[in-house]
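**Q** Residue numbers (numbering that gives the first Met the number 0), protein chains in the order written: chain A, 0 to 137; chain B, 0 to 300.
Each hint should be verified, as a subset may be incorrect.
If you want the ones that stay clear, here's a sample from chain A, every Cβ over 12 Å from chain B, calculated [unchecked claim]:
#1 7
#2 43
#3 71
#4 105
Looking from chain A toward chain B, a few residues come up when the C-beta cut is under 7 Å (computed) [claimed, not checked]:
#5 11
#6 80
#7 84
#8 94
#9 95
#10 98
#11 100
#12 108
#13 109
#14 110
#15 113
#16 114
These stretches of chain B come out as covered by chain A in the derived footprint (C-beta under 8 Å, 3 or more residues) [unchecked claim]:
#17 231–239
#18 254–262
No lab work stands behind these hints: they were computed from the structure. Don't be surprised by glycine CBs; every beta carbon is placed ideally from N, CA and C.
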Amino acid sequence: MAYLVFSDAWADQWADEIRKSEAYRKASETWEGSISLEVAGDGDSTPAAVFVDLWRGECRAARAATPEDLEAADYALRASLETWQRVLDGALEPILGLMSGKLKLRKGSLAALTPYMQASKELVAAAARVDSTFPDAL
Amino acid sequence: MSEPRSYQTLTKGLDYRLPPMTLWRKAKKLGIWDPAAIDFTQDARDWKRLSDLEREVLLHLTSLFQAGEESVTIDLLPLIMAIADEGRLEEEMYLTSFLWEEAKHVEAFQRFLDEVVVETQDLERFETPSYRSMFHDSLPTALQRLRTDRSPIAQAEASVTYNMIVEGVLAETGYHAYHQMMAENGILPGMQTVVGHLKGDESRHMAYGVFLLSRLVAEHGDPVWEAIESRMGALLPTAIGVINELFATYDELPFGLELDAFTNFAMGQFQRRFQRIERARRQTLAEVLKQEVAKSAAAGG
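Just chain A, same shape as in the assembly (with noise of 0.2 Å):
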């Protein structure tokens, strides 16, 4: 079965995938803070977010982002529906994506984030593992 992208049911099975990793617990050992991931809309809207709270290799929660969650995300990660796309898929790698500027970083610093970049890579691949749609556009 497929889940819609940013979904709470994807939100559940990357959580599921996340948990089953051993590479990202290892990845992820003194990582401790919350993260959203936000598709950008027109001007400052966020049609559709998921929220991750990662606590020393354990993911404590995964949803659909609420406007509270946006709020309380320690980091914050926009990009257009495309670019998320491109980095679930593996085209494109989360620290590029930051480089470049195609992943913006709304609330967080990038030298607290670049340490962690295998935990990142290994996100990447627990949600890659989640049968997921993307919509034409949000």
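Go by the hints and put chain B onto chain A.
**A** Coordinates of chain B only, in the frame set by chain A:
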């Protein structure tokens, strides 16, 4: 007997409008500083007054720059040979200044080590795993490959490694932070002068790299673009690793050094260049050349 050679300068002359000729003109005016003429007298006095930690961090950075400059000096030649073999005389002319400048950088750092630091001990102690991966493997492999493979993709991967990653992310960013650190603390005036020259030289090197990659994308299309993107994605973690490993060596850093200053500067510079190269996907070669000429004119070139 080989085919008689036709000399460009006897048939059509030089195309002074080409971006590499603008860089060549600038290199002749701005790149003529002499490392042997730098006065390190005050630097030697300043060095003795620094704390042990300040000296160690400065020596760490300096040794990474020095080995990096030596590495790029050694590895640039195959790219020049590839460009020369394609009969791109204007580009080859500029590249002669490029290599000459890299060699001068090696001399400048060596003078600093010999005359200011003096007691260097084993400098290889500063080489971290990411640094070794970049300068012992990725850079030499990509450039030396051009001895046998001069395909557009091989040239693009070499230029990404050399210009976009080693120069653009590591050297230029490092020099920016290094210069600020010395300038803001009013120390090492000789080295400040050197790094000021280095930044000017490197800006021309980067401009050539952006031009070369844009030209390759406009000429050869998506296969080259995809190779560029893939190479950047593969090397950025190592490049960022070099910076992170340097910072992780020390519990506290002197001179107000902050990791954010390095990464934010690197990201800003990288983004502008990435966008210019990406634009070439939708451009013809003539449009790339026109854009570069216009940019140079706007910059007073």
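**Q** Against each hint, give a clear statement of whether it holds in the structure.
**A** Here's how the hints hold up against the structure:
1. With a cut of 12 Å on Cβ distances, residue 7 of chain A stays outside the contact zone with chain B, its closest approach being about 31 Å.
2. At the 12 Å boundary, the C-beta of residue 43 of chain A stays outside the reach of chain B, the nearest C-beta of that chain being 21 Å off.
3. The non-interface label for residue 71 of chain A is consistent with chain B: the shortest C-beta to C-beta separation is roughly 23 Å, beyond 12 Å.
4. No Cβ of chain B approaches the Cβ of residue 105 of chain A within 12 Å, the least distance being about 14 Å, so the stated non-interface status holds.
5. A cut of 7 Å between beta carbons decides the hint on residue 11 of chain A: the least distance to chain B is about 29 Å, and the hint is violated.
6. Because the smallest distance between the Cβ of residue 80 of chain A and any Cβ of chain B comes to about 19 Å, over 7 Å, the interface hint for this residue is violated.
7. The interface hint given for residue 84 of chain A is broken, as the beta carbon of that residue sits about 15 Å from the closest beta carbon of chain B, more than 7 Å.
8. The interface hint given for residue 94 of chain A holds, since its Cβ lies 5 Å from the closest Cβ of chain B, which is under the 7 Å cut-off.
9. The interface hint given for residue 95 of chain A holds, since its Cβ lies 4 Å from the closest Cβ of chain B, which is under the 7 Å cut-off.
10. Annotation: interface hint on residue 98 of chain A holds; nearest CB of chain B at approximately 5 Å, less than 7 Å.
11. Because the beta carbon of residue 100 of chain A sits about 4 Å from the nearest beta carbon in chain B, less than 7 Å, this interface hint is met.
12. Using the Cβ-Cβ criterion of 7 Å, the hint placing residue 108 of chain A at the interface with chain B is satisfied: the shortest such distance is roughly 6 Å.
13. Interface hint status for residue 109 of chain A: upheld, as the beta-carbon distance to the closest one in chain B is roughly 5 Å, under 7 Å.
14. For residue 110 of chain A, the interface hint holds, the least distance from its beta-carbon to any beta-carbon of chain B being 4 Å, beneath 7 Å.
15. With a cut of 7 Å, the hint placing residue 113 of chain A at the interface with chain B holds, because the nearest CB-to-CB distance is about 5 Å.
16. At a threshold of 7 Å, the smallest CB-CB gap from residue 114 of chain A to chain B is about 5 Å, leaving the interface hint in force.
17. With 6 residues having a beta carbon nearer than 8 Å to a beta carbon of chain A, the region 231–239 of chain B meets the requirement of three or more and the stated coverage holds.
18. Counting residues of the region 254–262 of chain B whose beta carbon lies closer than 8 Å to any beta carbon of chain A gives 5, which meets the minimum of three for the stated coverage.
Violated hints, listed in ascending order, are 5, 6 and 7; each of the other numbered hints is respected by the structure.
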